[in-house]
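Residue strings, one per chain:
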Amino acid sequence: MQTSKAQISSLRLEGVTKRFPGILACDHVSIEVKAGQILALVGENGAGKSTLMNILMGLYQPDEGRILINGHETRFRSPNDAYACGIGMVHQHFMLVPNLTVTENVALGSKDFQSFLKLDLKGARHRIAEVSERYGLPVQPDAYVDQLSVGEQQRVELVKTLCFGTRFLILDEPTSALTPQETDELISLLKRMSGDISIIFISHKLNEVKALSDTVTVLRRGSVVYRGETKDNSSQELAALMTGHEVNLPHNACEDGCGNVLVSIKDLKVKSDRGNLAVDGLSLDIRSGEILGLAGVSGNGQRELADVLAGLRKAVSGSIMLEEINVFGKSPREIIDAGFGYIPEDRHDEGIVPTFSIRENLILKDFATPRFRIGPFLRLKESEKNAEDLVRRFDVRCSSQETAAGSLSGGNIQKVILARELARQPKALVSVYPTRGLDMGASEFIHTKLLELRTSGVAILLISEELEEIMNLSDRIAVIYKGRIVKILKSSEATRARLGLLMAGVQEDGGVA
Amino acid sequence: MNPVDLVLNILTIGVPFSVALLLASTGEMFNQRAGIFNLGCEGIMAMGAFLAFLPPYFLKDVLSPDTANLLGLMIAVFAGALLGILFAVVTILFRAPQGISGIGLQMLGVGIAGTLFRHFVGGVTGVPGIANFPIPGLSKISFLGPVLFDLNPVAYFAFLLVPISWFVLFKTPWGLRVRAVGTHPRAADTMGINVARVRFQALALGGAFAGLAGAYLSLCQAKMFADDLVAGRGFIAVALVYFGRWHPLGILGGSLLFSIAQSFQLSVQVWGIDFPYEFAVMLPYVLVIVVLALARKSNKRSPAALGKPYDREKRV
Amino acid sequence: MKTERTSTLKFARESAYFTLIVLGAIVAAVGIGAFVLKLIGVNPIDVYLVILTEPLKDIYGITEILVRTSPLILIALGIAIAFRSGILNIGAEGQMQIGIISAAAIALAFPELPKPILLPMVLIIGAIGGALWGGIAGYLKARMGVNEILSTVMLNYIAAQVYGFLLRGPMIDPEELTVGSGTPQTIRLPRAAWLDRLIPGTRLHAGLIIALVMAVLVYLLLWRTTTGFRLRASGAEPRAARFAGIHVERSLIIAMLFSGGFAGLAGAIELTGVHRRAIESISSGYGFSGIVVALFGGLHPAFIVPSAIFFGLLLIGADMTQRAMAVPANMVLVLQGAIILSIVSAQSFFKDPYAKDKFLRRLSSIHLPRQKKKNAPTSDRGGKR
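Residue numbers (the working numbering), protein chains in the order written: chain U, 1 to 513; chain F, 1 to 316; chain V, 1 to 385.
Mixed in with the good hints, there may be bad ones.
[What the hints assert, rightly or not] DSBU-like mimics (lysine-lysine), calculated; alpha carbons at most 35 Å apart, straight line:
hint, chain 1, residue 1, chain 2, residue 2
1, U, K271, U, K427
2, U, K266, U, K490
3, F, K171, U, K122
4, F, K308, V, K356
5, F, K308, U, K205
6, F, K171, U, K118
7, U, K205, U, K381
8, F, K308, U, K111
9, U, K271, U, K210
10, U, K385, V, K38
11, V, K115, V, K356
12, V, K358, F, K308
13, F, K223, U, K122
14, U, K111, V, K10
15, F, K223, U, K111
16, U, K118, F, K308
17, F, K308, V, K10
18, F, K60, F, K171
19, U, K111, U, K191
20, U, K210, U, K449
21, U, K381, V, K358
22, U, K191, U, K122
23, U, K490, U, K330
24, F, K308, V, K351
25, V, K38, U, K381
26, U, K330, U, K266
27, F, K308, U, K330
28, U, K385, V, K351
29, F, K308, U, K482
30, U, K487, U, K330
31, F, K308, U, K269
32, V, K38, F, K60
33, U, K271, F, K308
34, U, K482, U, K271
35, V, K38, F, K223
36, U, K34, U, K191
37, F, K308, U, K314
[Stated by the list, open to error] Label-pair ranges, simulated between beta-carbon atoms:
hint, chain 1, residue 1, chain 2, residue 2, range
38, V, L20, U, A240, 20 to 28 Å
39, F, D61, V, I59, 51 to 59 Å
40, F, W166, U, V225, 33 to 41 Å
The hints are simulated quantities; they were obtained by calculation from the structure and are not laboratory data. Quick reminder that beta carbons are idealized off the backbone N, C-alpha and C, glycines included.
Given these sequences and hints, build the entire structure.
Take a look at the structure:
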């Protein structure tokens, strides 16, 4: 793509509307950014922020509305057009081709380095060095992207966008994979850059919004509900605007009522897909009636640990005991029968079979138990009764129990999963990112149910990337770093700063993990 | 039979046999690198074989044999590209599942070729075809000379294609785009690459090569056309891409391996070994299964987006 | 809040979408066939008319349709089980041949057994033969991740060679070698291994009844048993099935055993009901026709039966046009290929919520004024992910 040297003195979106099947993602949204400004676009998950920015980037076409650059109406038919105007985006899920080098990725997106037959990798490398130096973002140009760490990849994503000559930068949830310290670094970097680059910064983390932006626009359910100066509002006020009501997530009162150790993991070693040890000697005890939160930057072994607890991955060595039963190396069926419940990370494709009805999904783990079958045949009446009961108790919004579960909203899908797991009365529950992508109402429901479960004596392992969720719900918090538990804190002793340091591998005694 | 003669014999039969596989497989490599596997390759080869056969058969009194052959090759390549584009329309525009669509294309291709053949030609007839062209000088080298340098012109092209396709795939902007589109189409899209267009181009190229491969079978190798001429080579070509780890060199090696297996049935007769004919014919197909079973580790090197349709409007 | 008028309008628009797609698919398939027919100088309308009407003109024609229908139903049932379980079985042709040869071998090995024992045994062994052949591909996919389309296609070629070898060698009718022309075929099966004919003077045999009974059983299997639940879950979303403790790999193998078994059974009834000896082109493309029948029947037993009748009609009609109008036999392949492409394209349109949405909105922009804002436009309520 060609890059324009023209400064963007003002960028306006007017009345932009975008529909998806069954969803009105953006409803007559208007925003405005001036040169050298940092605008924060704030809203809950699903409020329409990413959709709006994708429209600005030319990935989606708006159904109504227009885009005005320096007062002229422009249409972006593809990302090429957006780049030509100098708009670039750092995506939440990195848009880097993993099996190519950093240089190849940059060359891929820039016509400057492509002639008919020749690929000008030298020129690309040169441009990368320029940008790196100018903004203080060191990268390794000849490294393959899939071998870089998450933090490095984000730097590459940023450098790549800047190499395309971006004068107007959009950042979509840039800190989701960073430690609190890395986040601070990024924020100061962005502040420095806002001198010659305007920035739109998408986030739902209000402390970052306060630290970084000049102006803020709040989106709720696809509409703009507030537009103003950041300094005029407190985080509480912004949160209230985001959700539309007073936010009060359930809080764990944390009386010491925890019982015996129910789940005992000792010295677990698990290989990652790449062959290295993602979990490297991890030991953890979870007691009955306790919520143990696992805090850590994603990529430190949580996925592998969760997979092993579900029986989907074979650990190399170690032991996992649930009461007296050793579940190390057992199949998913055996682990389920031993008394483990599981709320998976991907609710749509791992928690339910999307094309199966709600009724069938509710018996997904139990269809072969005596209650739901007779000989080789399924007991339809019994599963219908079961579904009726659970749908009512868990307030699953659906037109009938025969509706395909995949067509439900995220919150309702999570309720179906929760209903199924809780109805089985597990002894222990592993819950992975349970409220990711859900709105406040659904999150509140999930948290309430988890706390109820805790009261009834279940041992719960909560894996989450939202520090607030972990701090709100857990009795104890374990920090995972490079596949090991570096420290377990009592919830009362845990602060953001302390957890942040531990998550980055900084030992409390001054050493480094 | 002494061992040297044995090896020579195997190579003399095996090397030319590998050309059709090599051509089809290289084309399929571009398809799969771009993220799409085309099982209709067999059908495209059948069409290519038949169409290439037509001009020399019908126009032998009107055109010189060389012109007729050339015309046949060109028609086969063009038709192959068209069929590749048809497949692209079904799998990219309509987003139909690639596996079954490929089988549909295969049936269509084999069916049309067979129908037109039965109607216009009738029985199994031969054509003079394209003769071998010994490279002066090189073909006289003892031992390897006749094997490597006394081949069909199309065969020379096929072997030249190996380094050419390597260059195109790894050193040109288009090849970079193909690799990007087959691994992370959304990233390529955000960088301004038209994912659908690149895939269409790759499928057209793949189809063209498959058509040429079919033409080689009828004009150069068998020098005739019959219903069962292709005999599963199109499917073997698709399997070869997995075997060759989506790399031109691997595909070259695989083609030679499989063609030697295929030529085994001829060699058996030459050597006068008492081996049941049917089991010799079976060999390449069994080999494909064995190779696929052993090659599971290569899944890591496969283009990550292989087989998945790309939808820009899909919410991530 | 929707008024009565808007919901009828919405229904009308959705039906329009549905009809347009179906029409488009039909036009495409018929059109491709017509194009090829024109190339060989035949009037497509004449051909289509003959195919659709000639076979229905007398009882013999109708029974011949049903003779084709029986193996098609069985094979399509097996394919439906496989496809629904997430494994694309293209090997029905080879599985059928192995079934035939196993059945023939047993029938010829025990000619003295009485009918109530020999016939069921022959049919069951035929099914088992096909099941094992299909099981190979199932095992390869489950344990080694081998692409099942490639493996089943290869197994087709291998089965053809095995069949040919046995038929030309160990199992050939000795008389063919001495006084006959060397045609690869076995001797006639003992009468005790013959499936009864239902209508004298025709070739319609009891295999049809077996096929219909199997259709009912397959429905029960898929939707009323625990095994069927496992199979469908594995095919619909293997990740979720694994999380739920379902053994997906085992389901794949079971699905292929069933699928191959049905193909083998189809071969066995064709052997014992129609030809009563193993001959060369006995399976004659049923394996591939069965795939089209299954797809056309939406992979559901209730629709597979009428679909099989339709394709039986198609096959007989094609035979007739081959004789009467010199339309080559390969034309059937052309039609089948075109139908497959049309069906999968149409199905894709049905499943694609974005295409449908775009279409409906374009239609609605002609009729209604500004779209009302939906109640909950976020991704968390009332919408697909």
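Hint by hint, here is what the structure shows:
The straight-line distance between the Cα atoms of U/K271 and U/K427 is roughly 27 Å, inside the 35 Å bound, and the hint therefore holds. Among the hinted pairs, U/K266 with U/K490 is consistent with the structure: their alpha-carbon atoms are about 20 Å apart, no more than 35 Å. Only pairs whose Cα atoms come within 35 Å are accepted, and F/K171 paired with U/K122 is accepted, the gap being roughly 13 Å. With a CA separation close to 20 Å, the supplied pair F/K308 and V/K356 stays within the 35 Å bound.
Simply put, F/K308 and U/K205 have alpha-carbon atoms about 34 Å apart, close enough for the 35 Å limit, and the pair holds. Between F/K171 and U/K118 the CA atoms are separated by roughly 7 Å; this keeps the pair inside 35 Å, and the hint holds. Annotation: proposed proximity of U/K205 to U/K381 is violated, straight-line Cα distance about 47 Å (limit 35 Å). The straight-line distance between the Cα atoms of F/K308 and U/K111 is roughly 27 Å, inside the 35 Å bound, and the hint therefore holds.
Restraint check for U/K271 and U/K210: not satisfied, since their Cα atoms lie roughly 40 Å apart, outside the 35 Å limit. Of the pairs offered as hints, the one joining U/K385 and V/K38 is violated, with about 60 Å between alpha carbons and a cut-off of 35 Å exceeded. As the CA atoms of V/K115 and V/K356 are separated by approximately 57 Å, the hinted pair breaks the 35 Å bound. As the CA atoms of V/K358 and F/K308 are separated by approximately 22 Å, the hinted pair is consistent with the 35 Å bound.
The hinted pair formed by F/K223 and U/K122 fails the criterion: a straight-line CA distance of about 49 Å is larger than 35 Å. With a C-alpha separation of about 46 Å, the suggested pairing of U/K111 with V/K10 is violated against the 35 Å cut-off. At most 35 Å may separate the alpha-carbon atoms for a hinted pair to count; F/K223 and U/K111 exceed this at roughly 47 Å. In summary, the hint linking U/K118 to F/K308 is supported, as the alpha carbons are separated by about 30 Å, within the 35 Å threshold.
Between F/K308 and V/K10 the alpha-carbon distance is near 32 Å, which keeps this suggested pair within the 35 Å criterion. For the proposed pair F/K60 and F/K171, the alpha carbon gap of about 43 Å is over 35 Å, so the pair is violated. Proposed proximity of U/K111 and U/K191 is supported: the alpha carbons are some 30 Å apart, at most 35 Å. Proximity of U/K210 to U/K449 is assessed by CA-CA distance (about 32 Å); at most 35 Å being required, the pair is judged to hold.
Straight-line distance between C-alpha atoms of U/K381 and V/K358 comes to about 40 Å, which puts the hinted pair past the 35 Å bound. Simply put, U/K191 and U/K122 have alpha-carbon atoms about 31 Å apart, close enough for the 35 Å limit, and the pair holds. Distance restraint check for U/K490 and U/K330: the Cα-Cα separation of roughly 32 Å lies within the 35 Å cut-off, and the hinted pair is therefore satisfied. At roughly 15 Å between alpha-carbon atoms, F/K308 and V/K351 fall within 35 Å of each other, so this suggested pair holds.
Restraint check for V/K38 and U/K381: the C-alpha separation of about 57 Å exceeds 35 Å, so the hint is violated. Distance check on the hinted pair: U/K330 and U/K266 sit about 16 Å apart at the alpha-carbon level, within 35 Å; holds. With a C-alpha separation of about 32 Å, the suggested pair F/K308 and U/K330 falls inside the 35 Å cut-off, and the hint holds. This hinted pair checks out: U/K385 and V/K351 have alpha carbons roughly 30 Å apart, not beyond 35 Å.
For the proposed pair F/K308 and U/K482, the alpha carbon gap of about 33 Å is at most 35 Å, so the pair holds. The straight-line distance between the Cα atoms of U/K487 and U/K330 is roughly 28 Å, inside the 35 Å bound, and the hint therefore holds. Proposed proximity of F/K308 and U/K269 is supported: the alpha carbons are some 33 Å apart, at most 35 Å. This hinted pair checks out: V/K38 and F/K60 have alpha carbons roughly 25 Å apart, not beyond 35 Å.
With a C-alpha separation of about 27 Å, the suggested pairing of U/K271 with F/K308 holds against the 35 Å cut-off. Proximity of U/K482 to U/K271 is assessed by CA-CA distance (about 12 Å); at most 35 Å being required, the pair is judged to hold. Simply put, V/K38 and F/K223 have alpha-carbon atoms about 28 Å apart, close enough for the 35 Å limit, and the pair holds. About 15 Å separates the Cα atoms of U/K34 and U/K191, which keeps this hinted pair within 35 Å; it holds.
Of the supplied pair hints, the one linking F/K308 and U/K314 holds, its CA atoms being roughly 28 Å apart against a limit of 35 Å. Between V/L20 and U/A240 the beta carbons are some 48 Å apart, a value that contradicts the proposed interval 20 to 28 Å. In this structure the supplied range 51 to 59 Å holds for F/D61 paired with V/I59, their Cβ-Cβ distance being about 52 Å. Between F/W166 and U/V225 the CB atoms are about 56 Å apart, so this pair departs from the stated range of 33 to 41 Å.
Going through the hint list in order, the structure does not satisfy hints 7, 9, 10, 11, 13, 14, 15, 18, 21, 25, 38, 40.
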